[in-house]
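Participant: Residues per chain are reported as follows:
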Amino acid sequence: MPRANARRQPMPEQDPAKRRHNFLEVALGYTPDLAQAEAERCLQCRRPTCIDGCPVGVEIPQFIAALRAGDLESSARILKNRNNLPAICGRVCPQETQCEVKCVLARKGEPVAIGRLERFVADWEREHNPIRPEIAPSSGYSVAVVGSGPAGLTAAADLARMGHRVVIYESLHQPGGVLIYGIPEFRLPKEIVRAEVEYVQSLGVEIRLNAVIGKLYTLDELLSHHDALFLGTGAGLPIWMNIPGENLNGVFSANEFLTRVNLMKAYLFPEYDTPVHVGRRVAVIGAGNVAMDAARTAVRLGAEEVRIVYRRSPAEVPARAEEVVHAEEEGVIFNFLTTPVAILGDEHQWVRGMRCVRMQLGEPGPDGRRVAHPIEGSEFEMEVDMVIMALGTRPNPLIFTDVPDLERTKRGTVVADERTGRTTKERVWAGGDITTGAATVISAMGAAKRAAADIDAYLRSSARVW
Amino acid sequence: MYEIVAKEALAPVTTRLLVRAPEIAAKARAGQFVILIVDEHGERIPLTLADWYPDEGLIDIIFQQVGKTTMHLATLGPGDALYALTGPLGRPTEVRNYGTVVCVGGGVGIAAIYPIARALRQAGNRVISIIGCRTRELMFWEERMAELSDEPFVCTDDGSYKRKALVTEPLAEVLERGGIDRVWAVGPAIMMKFCSLTAMRYGVPIVVSLNSIMVDGTGMCGACRVEVAGQTRFACVDGPEFDGSQVNWDLLIQRQRLYLDKERLALERFQQKEQCRCQATLGGATNAAR
Ligand SMILES: Cc1cc2nc3c(=O)[nH]c(=O)nc-3n(C[C@H](O)[C@H](O)[C@H](O)COP(=O)(O)OP(=O)(O)OC[C@H]3O[C@@H](n4cnc5c(N)ncnc54)[C@H](O)[C@@H]3O)c2cc1C
Ligand SMILES: Cc1cc2nc3c(=O)[nH]c(=O)nc-3n(C[C@H](O)[C@H](O)[C@H](O)COP(=O)(O)OP(=O)(O)OC[C@H]3O[C@@H](n4cnc5c(N)ncnc54)[C@H](O)[C@@H]3O)c2cc1C
Ligand code: SF4
Ligand code: SF4
Ligand code: FES
Numbered sequence: 001m002p003r004a005n006a007r008r009q010p011m012p013e014q015d016p017a018k019r020r021h022n023f024l025e026v027a028l029g030y031t032p033d034l035a036q037a038e039a040e041r042c043l044q045c046r047r048p049t050c051i052d053g054c055p056v057g058v059e060i061p062q063f064i065a066a067l068r069a070g071d072l073e074s075s076a077r078i079l080k081n082r083n084n085l086p087a088i089c090g091r092v093c094p095q096e097t098q099c100e101v102k103c104v105l106a107r108k109g110e111p112v113a114i115g116r117l118e119r120f121v122a123d124w125e126r127e128h129n130p131i132r133p134e135i136a137p138s139s140g141y142s143v144a145v146v147g148s149g150p151a152g153l154t155a156a157a158d159l160a161r162m163g164h165r166v167v168i169y170e171s172l173h174q175p176g177g178v179l180i181y182g183i184p185e186f187r188l189p190k191e192i193v194r195a196e197v198e199y200v201q202s203l204g205v206e207i208r209l210n211a212v213i214g215k216l217y218t219l220d221e222l223l224s225h226h227d228a229l230f231l232g233t234g235a236g237l238p239i240w241m242n243i244p245g246e247n248l249n250g251v252f253s254a255n256e257f258l259t260r261v262n263l264m265k266a267y268l269f270p271e272y273d274t275p276v277h278v279g280r281r282v283a284v285i286g287a288g289n290v291a292m293d294a295a296r297t298a299v300r301l302g303a304e305e306v307r308i309v310y311r312r313s314p315a316e317v318p319a320r321a322e323e324v325v326h327a328e329e330e331g332v333i334f335n336f337l338t339t340p341v342a343i344l345g346d347e348h349q350w351v352r353g354m355r356c357v358r359m360q361l362g363e364p365g366p367d368g369r370r371v372a373h374p375i376e377g378s379e380f381e382m383e384v385d386m387v388i389m390a391l392g393t394r395p396n397p398l399i400f401t402d403v404p405d406l407e408r409t410k411r412g413t414v415v416a417d418e419r420t421g422r423t424t425k426e427r428v429w430a431g432g433d434i435t436t437g438a439a440t441v442i443s444a445m446g447a448a449k450r451a452a453a454d455i456d457a458y459l460r461s462s463a464r465v466w
Numbered sequence: 001m002y003e004i005v006a007k008e009a010l011a012p013v014t015t016r017l018l019v020r021a022p023e024i025a026a027k028a029r030a031g032q033f034v035i036l037i038v039d040e041h042g043e044r045i046p047l048t049l050a051d052w053y054p055d056e057g058l059i060d061i062i063f064q065q066v067g068k069t070t071m072h073l074a075t076l077g078p079g080d081a082l083y084a085l086t087g088p089l090g091r092p093t094e095v096r097n098y099g100t101v102v103c104v105g106g107g108v109g110i111a112a113i114y115p116i117a118r119a120l121r122q123a124g125n126r127v128i129s130i131i132g133c134r135t136r137e138l139m140f141w142e143e144r145m146a147e148l149s150d151e152p153f154v155c156t157d158d159g160s161y162k163r164k165a166l167v168t169e170p171l172a173e174v175l176e177r178g179g180i181d182r183v184w185a186v187g188p189a190i191m192m193k194f195c196s197l198t199a200m201r202y203g204v205p206i207v208v209s210l211n212s213i214m215v216d217g218t219g220m221c222g223a224c225r226v227e228v229a230g231q232t233r234f235a236c237v238d239g240p241e242f243d244g245s246q247v248n249w250d251l252l253i254q255r256q257r258l259y260l261d262k263e264r265l266a267l268e269r270f271q272q273k274e275q276c277r278c279q280a281t282l283g284g285a286t287n288a289a290r
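Heads up: the sequence lines are chains V and H, in that order. Quick note, the first sequence lines up with residues 1 to 466 if you use the working numbering. Quick note, the second sequence lines up with residues 1 to 290 if you use the working numbering.
If you're looking for bench data, these hints aren't it; they were derived computationally from the structure. Incorrect hints may have been included.
[To be verified] One side only, chain H facing chain V, incomplete, derived with CB under 7 Å:
{"no.": "1", "residue": "215"}
{"no.": "2", "residue": "221"}
{"no.": "3", "residue": "222"}
{"no.": "4", "residue": "251"}
Glycine included, each C-beta is placed from N, C-alpha and C at the ideal position.
One chain only, chain V, in its complex shape (with noise of 0.2 Å):
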C-alpha cells in the first residue's frame, strides 16, 4: 500500500563539525529500511510525469516498483537500461529541477526521493550483481569520442551496446571529465566514477588517455579513421572578471583549485607531489555548483574563513538546493549583492583584500534572471587573502584548430541540432557542455543518448544523407 502522506526520508549525513575536516562523502546514503520506506511512498502513477523530468528517461515507477517488491537486480536492470552512470546521477543530478519536480507529490510539497533511491539502488548493484547488459553483434563500424565526460561516457556505453567499436580519446591522464577533475570527493567518491567507466569499459569501449585532439590529432585525421565522430569536450575553459589584480599571486581558477585538489589529489600532499594554496580567508566569486565546491573544499583544507561573494540575491542562486544547505551548515559565509571591482595586493604581489561593491537587482535579463547593478558610493574593502574565481566556463577552443567547416555560437558553443546532436560538419555529432555551455551532468547525458540514437541510425541507413 502505497504511503504517500508519509513524510519523505532523509538522507543520513555526516555531522558538520566532522566533515569540515575530511573529504569524506557527506551524504551517506539510504539504508534497506529507509529505502524501502521512501519507495513505499511512490503511487506508482498510471501516467507518470516524473519521466518527463528526466533526460535519460530513466523508467522511475517500474525502478521503485522492482526495488519495493525487493527485487534489487531487476532494479537496477531497468535503471541501467537507460542510464549508463545511474550512481553518479543519483549523487549529483540536480533533481528538484529534473525529476522530482515533476513528481505529482512534488504539488504537496515533498516528491518521493527519486535521486536517492536511483543511487541506493546503483550502490547495491555495484557491490552485489554487477549488470552485464545485451550488446548487440558487431556492426563494423567504428565510432571516436572525443571527451570522455558524462556525455563521452553515455555516447560510447549506448553505441558500444548497438554494436559498434568505440575510442574515446581523452585529454587528461584519468577519465570522467568533470566527474574526476572538478566534482570533489566528499561529493562524489572517485571509486564510484572508477568504478562506472569500467562498466563502460567492460562493454568494450576503448579508452585512450594522454590525447589531446586538436594536437595530437585534428578532427579530421580521426574522421579518417572512424566512421562517426562524438565531440564530448565539455566547456572547461574559465571565465575571468578581466578586473585589476586579477594576475596576483593568490587568485585561483576554480577549475584549477579543483583539478589540483580533485585529479592530482592535493588534499593528500605531500603524500601526492601537487601543491595547492589555501589561504586563512578566502573569498568564491560566483554561486554555482562550481562555487559551492570550491568553498567547501577550501572548508576542508583548513581556511578559517571561506565567504561565498555572489553579485545576485538568494533567489538566483544557481547551485543545487543541497549544496548550498549543506555550505551553509559548514560555515560558509554568504555575502550577497556584492561584487568585487579590483583585487588588492601586497608588497609582495600576494592578495590582501578585494575591493568590493554592492548590487541591487534589476529587471529580469536574456537568462531571465534578474540583472545586478551596483550601487553608486558603496564601495568597500573585504579582507581576504585568496580569491578564486568561479564565474562559469566556455568550451576549450582547442579542438576546433583547422576546423572551419564546424559552426560555432558566439559564445563559443558547438552548433547542433537539439534532437540529433548533429553539427554543421559532416559524421561529426556533438553533446553536453560544448553545445549548451557550462550545464548538467545529466543534461550532457541526455544529449549523448539522442546523438547515439542518430549515430546509430545514421550508420545503417544506406542513403547516409546530412
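Following the hints, complete the assembly by docking chain H with the ligands onto the known chain V.
Facilitator: Below, chain H with the ligands alone, put in the same frame as chain V:
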C-alpha cells in the same frame, strides 16, 4: 605507460631521456612541449621537446634536476616507464625565412633552442647561435648547436669554459653589427628578460618561450597565465612563445614562486626517502658481501 629507452647524463644536474612515444614523435614541431607524470602520485610537469625521431617513434627530453619531480625523473632509466605523457602541446615556433636570426639558449634552455634553431636553419635562415651556462660542467649539445650555426658563440658566466660572459654580451655585439632580422631566446626568466631588453635597444624583434607553472597544459586552469602587451594570456595554449618586448617579466617571476615553500617540503621528503633507500641497498650489499 611510456617506456624510457635510453638515458644520458649531460651534466651533473642535467639529464636526457629518450622516451618511446610514436604518436608524439610523428606530430612534434619546434617550440612545442610535453607534460609528463612520473608515477601515480606524481605532479604534471612541462618539458620542451628537445628532439624527436618519427622513424624510431622516440622523443628526447632534457631536464635540470631542480626539485622533487625532476630529481625523481633522474632516478629512472631504461626499462622504466612514465605514468603519463601528453603532447605535443603549445603553438609551434613560427618558422619562416626571416633572413638572419640569432638563437640564444641559456642553461637547460639550450635543449629548447636547439630544435628552434634547426627548424629556422632548414627554412633557409642564416643562424647565429649563442649558448651559455653558469659554469663549464653544465654545458651540453655544443656540437649539435655548432653544426647548424653559421656563427656559434659559447660562453660561461664564470669563464671556466670558452668566453667569460653572460649571453647578453655576445647578443649585444651581434646586434650592434646590424643585419639581424629576429632573435629567439630560451632560458631562465631573468635571462630572457635581459635578452629582450637588449634586442629592444636595437629595435630587433625577439621571441621568448615562457616557462610558467602549468597543470593541464590545455587552457583549462589558468595556472600558466602571463601578461603580454597588457593582456592576460595562457602560456600553454597561446604560447609558450611570445613577443619578448611585450612580456611582463616581474609577473612571470613572481608567479613562478607561488609554491616555493611546498616545493621545498616535497623535495626534502623525497631526499629523505631516497637516502633511506640508498642506505637499505647499501645495507643489503654489505650483508650479501658477508
Ligand atoms: C566543480 C563542478 C561541479 C559541478 N557539479 C554538478 C552537479 O552537482 N550536478 C550536475 O548535474 N552538474 C554539475 N556540474 C556540471 C557538470 O559536471 C557538467 O555539466 C558535465 O560534466 C558536462 O559533461 P560533458 O561530458 O559535456 O563535459 P566534461 O565533463 O567537461 O568532459 C569533457 C571531457 O573532454 C575532455 N577534453 C576536452 N578537450 C579535449 C580535447 N581537445 N581532446 C580530448 N579530450 C578533451 C576533458 O578533459 C574532459 O574529460 C559541475 C561542474 C563543475 C565544474
Ligand atoms: C613550456 C615549458 C617548457 C619547459 N621545458 C623545460 C625543459 O625542457 N627542461 C627543464 O629542465 N625544464 C623545463 N621547464 C621547467 C620545468 O617544467 C620545471 O623545472 C619543473 O616543473 C620543475 O619541477 P620539480 O618538481 O622538479 O621542481 P619544483 O619543486 O616544482 O621547483 C623547483 C624550482 O624550480 C622552479 N620551477 C618550478 N616550475 C618551474 C617552471 N615551470 N619553470 C621554471 N622554473 C620552475 C621553482 O620555482 C623552484 O625554484 C619547462 C617549463 C615550461 C612551462
Ligand atoms: S538520472 Fe537524474 S533526472 Fe533522471 S531519474 Fe535519475 S536522478 Fe532523476
Ligand atoms: S510521479 Fe512521483 S509518485 Fe508518480 S510514479 Fe513518478 S515518482 Fe512515483
Ligand atoms: S596550464 Fe592550465 S591553462 Fe595553461
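Participant: For each hint, tell me whether it holds in the structure or not.
Facilitator: Here is what the structure says about each hint:
no.: 1; hint: 215; in the structure: holds (6 Å)
no.: 2; hint: 221; in the structure: holds (4 Å)
no.: 3; hint: 222; in the structure: holds (4 Å)
no.: 4; hint: 251; in the structure: holds (6 Å)
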